[in-house]
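Position in the sequence shown (first residue = 1) + 1044 = this note's numbering.
Keep in mind that the hints were calculated from the coordinates and are not lab data. C-beta atoms are modelled at their ideal positions from N, C-alpha and C, and glycine is treated no differently. Among the clues, some could well be false.
Here are the simulated distance ranges between beta carbons [claimed, not checked]: (1) 1174 to 1069: 33 to 43 Å; (2) 1109 to 1055: 11 to 21 Å; (3) 1171 to 1131: 23 to 33 Å; (4) 1095 to 1134: 15 to 25 Å; (5) 1167 to 1095: 14 to 24 Å; (6) 1188 to 1096: 20 to 30 Å; (7) 1061 to 1108: 20 to 30 Å; (8) 1178 to 1112: 14 to 24 Å; (9) 1107 to 1142: 18 to 28 Å; (10) 1097 to 1123: 14 to 24 Å; (11) 1142 to 1102: 34 to 44 Å; (12) 1144 to 1109: 18 to 28 Å; (13) 1112 to 1175: 39 to 49 Å; (14) 1167 to 1063: 17 to 27 Å.
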Amino acid sequence: MSFDVSQFLVLDALIATSVLVGSLLFMYTIGRYSIVPMIAALGMSAAFAALAPYVGHIPGIATWPEFQQRIAIFVVVAILGYVVFRRQSYFEPSVVPNGFELVVCGLLISGFILAVIGAFLPAEILTTLSPHLRVIFGDELPRTLWLAAPIVVFGVMRGR
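Please model the complete structure; the sequences and the hints are all you need to start from.
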């Protein structure tokens, strides 16, 4: 009797889990004081990657499939936006969550990231995802809820 990894954990579930764990670790380390700049950078980069018409003409990635180009632009612009927003203190008098709010923010940010990536994936790739990920991040209603969730959490988050 041998242990088969493919029966235990699918690759897309492993990627989703790593995004979730990475977001939670970020929240409990440097992200505690920079949740607002992170969410602003993610929102800006998602809009930029989805709407920028020049994405297909960037040298080096012009030969990639369009969904890979959009995901790469999303990641690069999110990192750059976060660095600029955090370094320039655009959101300095912002809410600093504590305790349970850190967990909620980490979950919402990871859900937002996975929903944006799911929105960029073509339908034929979405059908190959594991059933749980397809229902949680691939369908239209849950994806819309994940994209709106960071905005709603600011209305209820108290912090200190």
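The hints, checked one at a time:
1. 1174 to 1069: 33 to 43 Å: 23 Å, violated
2. 1109 to 1055: 11 to 21 Å: For residue 1109 and residue 1055 the Cβ distance comes to about 18 Å; the hint holds.
3. 1171 to 1131: 23 to 33 Å: Violated, at about 41 Å.
4. 1095 to 1134: 15 to 25 Å: Since the Cβ atoms of residue 1095 and residue 1134 sit about 21 Å apart, the hinted range of 15 to 25 Å holds.
5. 1167 to 1095: 14 to 24 Å: Given a distance of about 20 Å, which is inside 14 to 24 Å, the answer is holds.
6. 1188 to 1096: 20 to 30 Å: About 21 Å separates the Cβ atoms of residue 1188 and residue 1096, which means 20 to 30 Å holds.
7. 1061 to 1108: 20 to 30 Å: Holds, at about 25 Å.
8. 1178 to 1112: 14 to 24 Å: The hint (14 to 24 Å, Cβ to Cβ) holds, given that residue 1178 and residue 1112 are roughly 20 Å apart.
9. 1107 to 1142: 18 to 28 Å: 47 Å, violated
10. 1097 to 1123: 14 to 24 Å: 22 Å, holds
11. 1142 to 1102: 34 to 44 Å: 41 Å, holds
12. 1144 to 1109: 18 to 28 Å: At 40 Å between Cβs, range violated.
13. 1112 to 1175: 39 to 49 Å: Hint violated: Cβ distance 24 Å, outside 39 to 49 Å.
14. 1167 to 1063: 17 to 27 Å: 21 Å, holds
The structure does not agree with the numbered hints 1, 3, 9, 12 and 13 stated previously, though it agrees with the rest.
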